[in-house]
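Chains as they are written, first to last, in this note's numbering: chain G, 1 to 436; chain V, 1 to 188.
I should point out that these hints are in silico values taken from the structure, not numbers from a laboratory.
Heads up, a few of these hints could be off.
To be verified - What the simulated footprint calls covered on chain V by chain G, stretch by stretch (three residues with Cβ under 8 Å from a Cβ of chain G suffice, anywhere in the stretch; the number is not a length):
1. 23-30
2. 64-72
Claimed, not checked - Simulated restraints, written as ranges between beta carbons of each label pair:
3. V/Pro71 x G/Asn276: 54 to 64 Å
4. V/Thr56 x G/Phe129: 31 to 41 Å
5. V/Ser41 x G/Ser314: 28 to 38 Å
6. G/Pro231 x V/Ala30: 17 to 27 Å
7. V/Thr56 x G/Asp229: 31 to 41 Å
8. V/Asp98 x G/Thr82: 53 to 63 Å
Note that beta-carbon positions come from the ideal geometry of N, C-alpha and C, so glycine has one too.
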Amino acid sequence: MALVEDTNRFTVSRRVYFDPTVHKAELERVFRRSWMFVAHESEIPSPGDYVTRVLGTDPVIVVRDEQGAVQVLLNTCRHRGTPLCRASMGNSSHFRCSYHGWTYANTGDLRGVTFQVDVYGKDFDKARFGLYRARTETTHGLVFATWNPDAAPIADELGPMTYYLQAIFGKLDEGYEVMGPPVQSRMPCSWKSETENLSGDGYHTPVAHQSAFTMGLFARPEDLTAFGDVPSKRFPGRVVDCGNGHTIRIQHLPVVAKKPLYLGYPEELWPEITRNLAPGQVDMQSRLSVTHGTIFPNFSFLENFKTGTDGPGSMCRYIRLTLKVPIAADRTQLLWWHLVPKAASEAWKAESQRAYVRTNGAAGMFEVDDGENFIGVAEAHRGRVALDGAYELVGGLHQPRAEGLEWPGDVVDADRSEHTIRAWMRRWQDLMDVAT
Amino acid sequence: MTAPARAVRWTAPTQSGPPADGVTHAEVAAFLAYEAEALDSHQFERWAELVDDAFTYRVPVPVLQDNVSSPGYDTGSLLLDEDKTSIIQLWFGRFGEDIYEFAWGDHPPVRMRHFVTNVRVRTSDTPDMLDVRANVRVHMVRQTMQKGELVAERFDRVRRTPDGLRLLSRFAVLDDLVLEAPQLRVML
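Extracted from the complex, chain V is given alone in its bound form (with noise of 0.2 Å):
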């Protein structure tokens, strides 16, 4: 058995450089959990400082191939495409005071915890640049009963700046075929 022809839009980014050294991973997963913080805790303007300007988000969509060598979703289709400025304008600015009272799914905000584990982070041939894999579970609530969560892998990007580490682009895989969280709107 085959897969259909399918577009090629959209993959994981390629990490095989060597892994960093003890002290990098842990500069690293600490950067990791204050940006988690920074989002579960709705600090947008610390998020923001954390994310460098050319930031992309894209989480593809998942999909079941009756292949072993399948990545597990779909090279050509996102559930999920933002940047920074989508993000700030489309998802914060929903919280904003004149729009808060009519942003009606985020209102009050479905609460979200992020646990990241199994950080590994691997040099890259770009200088300053880190090719950082984690595993993320998001667990949420929704008003007081509806619970869920998503569970994914990350593949970020993370460049080194004279300012600290900036997150430059994620890419997250969900394990989940049937999305059941009470919101998907979420940055995984």
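Excised from the complex, chain G in its bound form (with noise of 0.2 Å):
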């Protein structure tokens, strides 16, 4: 029996989350074979710039070559193994070891062996011992990069997905920026819960980030009248499969206006919004409540318009990229990013974070509660029984498809649904039924 069973009482075995065997099979499986985030490109804007990150489970260093490309290569020697960058971030155009001094081009060619021709002889053939590289890609701004020779290239990956992430990340003229380098924090919990959350979990919402609708962070019919009528108090949303386990769901405020409304971001930024966008995109962006989605395996990101984080009357928007690295089955590494508009002012970057922090930034009110929930999943499955039960994923079966949208994918015209999630199993069990 699979651990995923794709049937009308569609089930998810409990050891997929929490069994250490499957946990090591999916490390070679899932994370030895697909495209994984690893860096927004501002963050290495210029020829040296480097940060030091994991691919998969795997140390490596994002660096931007002296001719403008970027390149992920293992952190390691290939001499003895010894790591070749220490600190998180730093710009060199060449890395030297610290145990017999070889040295590196940023490209990752082997340049200069100490000794060379006493220790190797005259024949030694520099060519055969660059560092270990990863295929690498830029999409939207975001670099990915995977150990697997035969994946296919990003794009055919990503297929209907890259409509969604253009609308949120290509809107701009400038683009977006990383506000700095991204935090680091770590969780007694599975990698896989924040992930299926963030593929497109409407459903929490009301329950988990109940204290948050109360202290008037979800937007109030008060707060829309300025801008349309405002007919009802329901947030109307949907979610999408773009296959291969990517998804997005997205929620409009309950707002109706004669323009497009790009609530929380400076009103000078509006137009060009529009004229980058095609008009199925317009649609998406306009009156955004929030969307998020989750690009398999562990990469999620997340555009939210907030109010009242900074006192009565203020809204804001923000962009963040999360990153789930696997250490353990029940225990896992997060990174997080916060985007802004590059061309914003200062003073509104500041009012971006202001709202980020506090609401979805790593130390912010909504991640402590669903924080809660991760972790508290993990500590139920600490026992044998638990992992004997399985989860029926049915939620949002019976849900009908949304018609005549421009929208690629497979749309369904629901906020709360399990629609997404059930997509992300699918591309795991196809991953793991694959023999290695």
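Take the two lone chains, each set in its own frame, and fit them into one complex as the hints suggest.
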């Protein structure tokens, strides 16, 4: 019996999350095969800029080489395995090993071998000893890499998800930049918990985040009446299965207006947003309450509109990226980035950061409550009995497909659905079935 | 090796004045101990009385740079950015009667214990304003089992008023690069 059974009672074994044997297998079958996010290109704008990250479970250097190309290099010397970079970030044209001094260009090519003739003779072929390189592609500012030489190009991998990434990351003339390096934290939970939550779980919000509703962090009708008619209190939403386990949820504010409303962004940016997007993408971005999604396996994005984070009447948007690095089945390292429009004023960036750190930042109120659930789920699986159980992921199986939209992918016309978690689990099961 | 050019938005306040006298040191150390007591025992109103209305609290994102003169944090981005109003409304407000039941991550609250040491008090150019550095360790226990701690250096500004000392700002620099405490929403 498969761990994930795609039947009319879509079942997922709890071993998928917390069985160490399953976790060991997925490190090979999922993390050695998939495209994974490693950095935002604004982190390494100039030749020589580098950051150290983890690709799957392996430490890597993400560096812009002297020709301007992004390289993702395994952070271990080809000679005796010593790490070449120890810092979180820096700038260097070369990496020199601290043990015997082998020196590499920031393309990964071996350039210098200490006492080369003395130790290796005259015929040593340096070309055979470049640093191990991952395949790398950048799309919409997001740098992805994979250890899989046979992986499809990233555009083929992402498919319809590209349309939504364009709407989020491609809507500004000057694009987005990181406020700074990622916050890094560790939590005793499964890497899948936040991943599947952000794939499109709008079901948990009214319960897990009820205190945020009470505190006015979700827009109330009186926050919106200045911008248009507010015929209902209900926030309409949809979820999309883009294939290959990539999914997104899009929720709108209950406001009706004659022109696009990019609430939370500086109004001087509004015309270029409309100009840069197709009509269906404008419809997605206008009146946006929140959108979030997951790029399989372990990368998620969130664009959020929040009110009341900086006193009454305040409203702002922010984009967050999160990467979930598996440490063990029940232990996860999270990386958290905050993105802001490059063209926004410093005052706006600071305001966006306040909204972000107080809500969806690593120390934000939403994360305090989500973390409680994610950690709690892991604690509930310390024993044996829970592992024998299975989830029936049938939420939203009856929900209708959305009609007449420009939006690509399998779009369900419902805000509270398990449509996206099923899509993620299907991809996971496909990869786990493949013999290595 | 050099670091990439990065935005400089927030840095620890420069505290270069001459050391204050011993009595002032003792007075400030006691003030910080009572402030920590108010936090650890959920005496939110008492804490608010010790804090100036213009209070700001910032914790920068820790980062490891290959540069001996690096401050150990990013000068462009923050983990926490709060003021007195946001702390009272969005932090303490979670313990209010109508909210606490659904403030899941604070219910039951993470038990926190502040250890404040190495208090250094310097006088400043502004009369009645003291520059205070201190080391802080916050030990935490969530529910029955999960433990953790955060260690930081504080850069505080403390104002002397007719009603006593008041905390005007706090900038806390974390030692940890990978944060592993049960809760990161913490007044260090």
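Hint by hint, where does the structure go against what was stated? Just the numbers, ascending.
Hint check: 1, 3, 4, 6 fail, others pass.
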